[in-house]
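Trainee: If you read the protein sequences in the order shown, they are chains V and F.
According to my numbering, the first sequence holds residues 1 to 600 in order.
According to my numbering, the second sequence holds residues 1001 to 1600 in order.
One or more of the hints may lead you astray.
[To be verified] Per the computed footprint, the stretches of chain F lying under chain V, defined by three or more beta-carbons under 8 Å from a beta-carbon of chain V, are:
#1 1084-1092
#2 1105-1116
#3 1383-1396
#4 1401-1413
#5 1574-1587
Think of the hints as simulated: they come from the structure by calculation, not from any bench.
Since the model is a prediction, treat every value here as computed from it, not as a measurement.
Yeah, the Cβ is synthetic: ideal placement off N, Cα and C, and Gly gets one too.
So the chains spell out like this:
2 protein chains.
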Amino acid sequence: MFTNTDASIIIYTPHYERQLAGSLQLKKIRTALAQINPTVGDLSGNVKKIISYINRSRELKADIVAFPELAVTGYPPEDLLLKPHFILDNIDALQKIVKATEGITAIVGFVDKRDCIFNAAAVISDGRLIDVYHKKYLPNYGVFDEQRYFMAGKRCPVYDLGGVSIGVNICEDIWHEKGPARVQALSGAEVIININASPYHMGKALFREKLVTSRGLECGAAIVYTNMVGGQDELVFDGSSLVAGSKGRLLVKGRPFKEDLIVIDIEVRGVKKKISAANRKELNEILREGEFVEKIKIPVIFSKRKPSCRNRKPKAHPEEEEVYNALLLGTHDYVRKNGFKGVMIGMSGGIDSALVATIAVDALGKENVHGVFMPSMYTSRESYEDAYAHAGNLGMEILKVPINGIFKAYLKILEKNFKEMGVDITEENLQARIRGNILMAFSNKFGRLVLTTGNKSEMSVGYATLYGDMAGGFAVIKDVPKTLVYKLCEWRNREEGSELVPERILWKDPTAELKPDQRDTDSLPPYPLLDPILKAYVEEDRSFEEIMKMGCDIVCAQKVINMVDRSEYKRRQAPPGIKITPRAFGRDRRFPITNRYKSY
Amino acid sequence: MFTNTDASIIIYTPHYERQLAGSLQLKKIRTALAQINPTVGDLSGNVKKIISYINRSRELKADIVAFPELAVTGYPPEDLLLKPHFILDNIDALQKIVKATEGITAIVGFVDKRDCIFNAAAVISDGRLIDVYHKKYLPNYGVFDEQRYFMAGKRCPVYDLGGVSIGVNICEDIWHEKGPARVQALSGAEVIININASPYHMGKALFREKLVTSRGLECGAAIVYTNMVGGQDELVFDGSSLVAGSKGRLLVKGRPFKEDLIVIDIEVRGVKKKISAANRKELNEILREGEFVEKIKIPVIFSKRKPSCRNRKPKAHPEEEEVYNALLLGTHDYVRKNGFKGVMIGMSGGIDSALVATIAVDALGKENVHGVFMPSMYTSRESYEDAYAHAGNLGMEILKVPINGIFKAYLKILEKNFKEMGVDITEENLQARIRGNILMAFSNKFGRLVLTTGNKSEMSVGYATLYGDMAGGFAVIKDVPKTLVYKLCEWRNREEGSELVPERILWKDPTAELKPDQRDTDSLPPYPLLDPILKAYVEEDRSFEEIMKMGCDIVCAQKVINMVDRSEYKRRQAPPGIKITPRAFGRDRRFPITNRYKSY
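All chains, please: the whole structure from these sequences, using the hints.
Mentor: Structure follows, in structure tokens:
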């Protein structure tokens, strides 16, 4: 059960504490950050995992161990939260955890129930539930719907654990300057434990780091930021838990995209008897109607212990590595948590299916990834060679299923109905849909999940066939713009130190090969022009005037905006895929299909 | 532009006013309720419509006309609200409306912008924007996401319009007993205008009627409840605007599912000079921190006029008629607002496609509905006869496209890959997907929208094929349980006074005809047993114990719950369809796909 045996222990003595060390008795609190990967709804599995991390933390002589937000239920449980029996089962699950805390204190995210429900942190110590903190700031933007379910908390408790003053709060709470962390710090807290289920997007880990370290400085308290890890439908939680010191330094960081247990000794001055007049004044200004501070003593349950000590340096990663790892984890968890062994991928010889196959093999092992090459009369020799060469490099299976015979059977039966009409997009879509059907037939016959291969650029402008190349259970690179698809393949080749993705796939012109001599650029601007417009329009809600100022051609920009607006109906039927940008499609961008608004 | 020339005018003198009539000068305010059907994002179209209703109200000598919530933008605009230029364009649109209010007062729903945005009602009079009210209660449950976008208002203005005291508030505001209506009434308002975009579900109109009339009684004020009408993706707004008197009587009701203009003369005592001590006391108790009451005078712009008078009696409708009309309007508006002329329907000879075809013909006209009958080796003679007989009764086109040739072409090419495997669900799904492809080919070739025919019972348990019978742009009866599908067909036949839907379709066993002698009951409990379990589990979040208490078989209930839980991935890729129950799939029920929770 316990996956990380690499837990290291860091001793942290803040600078100002060291200056005071001569004159004052310092207190030390050994704190563990349990960066776990729970599964939504798997209450018994999550309890088992949490208890195994509690046990390991006890072995490492931690005083306190912090788990992520809603660790008991997984995050986000969405409308499971409307089921009263689910809430009760989650409370039963918490009871089991309470019993497993002998000789240690644990902070565990769960759903609390009073007249309504709360996103809550249980403060548990030595087999007793000491207190429950209720999240105050409930995010309701982007992918978040927390105000759909939860009431906001009013209390700001501060705990006294063996003479160390501790504040506990949850995720969004720490993003607010005058939020619970500030209140708790003003009330004497020197260690603030903030538990999270903070989903990944590009560059977010760095942004969080800056936020949490500056919050530590402002509050003059150590911030223990524990994040969830793992994939859940469209979301990936990247872990990257961290501890920031009271002087704004990053003290330690958990692994990205993997479970982890980080243990750190934090030395503090210890509980103050009184709140200063200045702090009291600021507190009165910050606290809103009905909100209040409370001091709660946790009975002392531990004695002296000798920590082993080893340091951990945060490591910088290039953007490609970060994104690739997010895609890896998201794919792995969607496939495994949904009980699939293998996946099917339509391999076209193009770069999108090449990237998806590479990710799938890295995530699931080559024996679990099955490619199908489905040539038509428009498929080139190069596509065949590239698909097979790449599958060979990956060591994965690839089958050939030609679609001409089926295509002709469709054309024959439809002939008399279509006789006066010319050839158009209908025949292109038919080919894509035959391929979709073949993949789904393999999926049905062998119980494998079909991974679709469309990228964000295509999904944005609707350059994809519903029930054709969009047919499948999980859209791995749905949120990856085409220009980044190239970068990821290049990065992966560099990492491999060899041509894992054949070079020709990287430089040949992209084509759907659905009619003679077709190129993506017949229908779309070149991707290096297209992607910035899409970013501005889809991710940043820029106006037409602002997009014009980027130096775009007016006709091109109008065409792109039109295509985005008119493709909403396709995206509504697309499989879920992994969010890696600040705004993905799916839960993150909720658009009407029936919509006559024109941005220009 | 103006669609309803049937506006009638009702004179309302409340009972208590009549008693006082001898001693007091009564004031009369002629109030128009403009129950319009705007289109989301069509700012210029909506402005044109609003102005045409203002003009008609002026012709009818109304003092004031009330439009629905967010009439300028359409409802719900969803993430269009995140585009700053959309907000600015909506304010420009409002300016055009302001200029068109010569000699009349209008209450118009729009998006107001300050530091953040508000769901707002503009109070406009004689070419001037007098004031803006901000909605206080922002729904964030069910299909609603208003806290994703809007800030809540704090002000409770009361307007003096020629000596008549008027309160204005928005939709959800009226559902709260101690909400703005109460505050405004305590502050002297005798007419409360509540503007709405309240979506339909079965029985909701009656529920609203009870709520609004009892709110009138509690407040001792007339409530002018103006609702939107029309279809928007998954939602239908049913109109049924109404006016409740200060004694709790229903005074007048707008037409359901159609645009309407209702004009009523309301007689009141007129503006009071002072708030009584008792009212002042209750006001102090109700108002929360930061909330306040304000009195605003609207300059008098009208003189005496002589109304014509005719009464309007609310009419009761059977449930089937109500639901059928909701489906009609939802289908009509999705097809028309998205610019499609015609629709394609796969006609199987079964009851689901029969109902969808009937609705489509009623909504769009027989010349715009095109059926395709796609027989396989498993299709019975009866299915053929029934599909053709029904299409004949409707007067719609029906084509025959046999799928055997294509099916054989698939089997042939897949043979060597599947050779050691038996026949299973794969071959059934293949047939459904060939039919989906054929319908989509017709859709692409002729620019028609494919209507899917799956009902709520099938969608709940996943008894449907992704990219097969689920392929299409709009799922008309997605929220209609199978047992109600029968009732709707029976009702429609009774209305017709003849066998519009052939009798045999109504009594033969439901079958997918994807293998020999198949019946729905091979895989599912009979629908009269299944539907109550689905209602309890899907719509009401009942626990397994509660479902057992309904008298269900334990194995059957477990099987049904399992099927519902495991089909979420299919529903996520389903086309949108019309909400007619308190909880539909889609925006209304947000479930994780990756979910290991078991309800038993």
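Trainee: Which of the listed hints are not met by the structure?
Mentor: Hints 2 and 3 are the ones this structure does not satisfy, whereas the remaining hints hold.
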